[in-house]
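Those protein sequences? They're chains A and B, same order as listed.
Be aware that the first sequence starts at 176, since it is given in our numbering, and climbs by one per residue.
Be aware that the second sequence starts at 293, since it is given in our numbering, and climbs by one per residue.
If you're looking for bench data, these hints aren't it; they were derived computationally from the structure.
Since the model is a prediction, treat every value here as computed from it, not as a measurement.
Be aware that one or more of the hints could be misleading.
Claimed, not checked - Here are the computed lysine-lysine pairs in the DSBU-like style, where the Cα-Cα straight-line distance is at most 35 Å:
1. Lys305/A - Lys624/B
2. Lys197/A - Lys257/A
3. Lys257/A - Lys624/B
4. Lys279/A - Lys302/A
5. Lys257/A - Lys305/A
6. Lys279/A - Lys197/A
What follows is the residue order along each chain.
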Amino acid sequence: MDDAIRILIGKPGLDGHDRGAKYIARALRDAGYEVIYSGIRQTPEALVNMALQEDVDVLGLSLLSGAHNELFPRIMSLLNEKGGDDILVFAGGIIPDEDIPGLKDIGIAEVFPPGSPIQAVIDVIEKWRKDR
Amino acid sequence: MAEGQVGPRRRTDPADLAARVRAGETRAVARAISVVEAGGPDATELMQLLAPTSGPAHDAVRPRERSLVAPRVIGVTGPPGAGKSTLINQLVRQERAAERRVAVLAVDPTSPFSGGALLGDRIRMDLHSTDDGVFIRSMATRGHHGGLSAAAFETVTLLRAAGFDTTIVETVGVGQSEVGILSLSDVVLLVLIPGSGDDIQAIKAGVMEIADVYVLNKADRPGIDALERAVRGALGETYLFAADRAHHTVPTDEPGEAPARTGARRESAGVPLTSPVPAIVRTVATDGSGLEDLVTAVERYLAHSLETGALAERRERRFAAAAEDVAVVEIKRWVRERHESGAIQPSELRTALRNALDTIRRHE
């Protein structure tokens with residue numbers, strides 16, 4: 176592929192439920208992307224290092240533990256600090272509606288609640304690709 | 293998007309990128325690998341800057357020159373589930389204990405259906421994910437304009453330029469392209485587990501021949517003795533009929549490592565005994581047992597192949613192989629383009645190619 180987009184699906188926090196993360200990883204692979212899955216229970220530092228070493232275009236964060244308001248800002252500030260501010264970041268998992276605007280304010284492009292169709296994720300990636 | 297560009301992101305000036313790679317900056321090394329994978333004009337410029345007449349990349353460029361054993365490239369292959377990633381995790385730990393900077397290049401197959409790839413080896417390597425002395429990168433088998441071997445070769449060159457002492461290349465040893473990547477290594481480890489006796493029969497023809505160290509992993513499981521017998525059996529046959537492979541050497545002065553029967557047969561078949569049979573090491577990667585033996589076997593192999601000149605020969609061959617890879621990819625693309633504008637007869641094609649090559653030779 177001339178324009179292989181690389182995606183890291185990251186699983187920060189302490190919950191071990193990664194069916195969703197693995198589903199997204201496989202679905203995005205089937206859509207033609209190169210996908211790296213981080214495995215469960217990653218620290219923000221580890222995820223940001225992975226994203227930078229793998230030189231990904233996109234970082235998808237999956238979190239079900241409720242710690243998104245602590246961990247996502249940490250990940251975003253580490254990305255900015257280490258020169259990963261050009262990476263598209265989206266999130267999914269159990270995230271209350273009222274928290275979504277705050278997460279978008281810190282630079283998370285989109286938050287996908289459970290049951291979101293995979294096409295919605297692809298649309299966000301493709302729109303971003305076109306806009307760059 | 294134009295061919296040869298990197299992702300939908302900002303372009304980085306190759307000269308600037310090269311300088312930052314030399315400084316060992318992680319972000320720059322990561323971006324440089326993407327540039328090399330894309331294989332465009334930026335990749336050419338970058339590699340010219342990173343392949344100097346001195347420095348760590350030197351021995352990749354001038355393979356005839358004798359070099360120290362480090363920086364070195366360790367290839368690790370084996371069937372899925374053999375414990376390659378766990379073993380590499382342990383190897384990384386050993387290298388870090390020796391204060392060496394380590395890069396891991398994990399090559400995974402690209403789906404022939406979607407063109408996508410699931411690159412999953414990060415999962416078992418997360419122990420090192422916050423260590424600055426460890427760089428882990430996944431690479432898909434397809435999508436390289438210059439060919440996979442060339443992309444892997446150039447990646448190894450730039451990792452050396454960035455100051456990594458050891459590069460570990462991991463592949464699932466099944467296809468021809470993976471075997472091609474393994475030829476980039478200074479030493480190749482084949483990881484096998486009990487119960488994979490049938491696998492040995494299946495992969496013997498491709499991968500058994502290029503391994504230098506046989507790692508019998510999960511050695512705490514039943515069937516380990518049968519596995520060792522199967523490996524020794526397969527090696528006996530391979531080496532009997534491989535009289536021209538004298539360069540392929542592993543020092544085995546450990547009693548019992550080289551089966552007497554094999555040695556006798558090889559001698560009678562006229563194989564020089566400067567070419568001992570590959571080392572066989574038992575490990576349990578999950579708890580680290582046998583890791584010291586494995587490291588010793590690798591060090592001994594590298595020291596021996598440096599001594600005999602086999603290492604220099606190998607580095608020279610890999611240079612040629614990467615160059616051939618580029619040529620094949622470019623010619624195949626041209627042939628595809630020709631077919632799109634109407635089918636071309638093979639004989640017609642041969643004439644066209646030979647004429648084109650004559651023109652190239654005249655301008656050399």
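Evaluation of the provided hints:
no., hint, result
1, Lys305/A - Lys624/B, "holds (30 Å)"
2, Lys197/A - Lys257/A, "holds (27 Å)"
3, Lys257/A - Lys624/B, "violated (40 Å)"
4, Lys279/A - Lys302/A, "holds (17 Å)"
5, Lys257/A - Lys305/A, "holds (25 Å)"
6, Lys279/A - Lys197/A, "holds (24 Å)"
Taken one by one, the earlier hints fail for this structure only at number 3.
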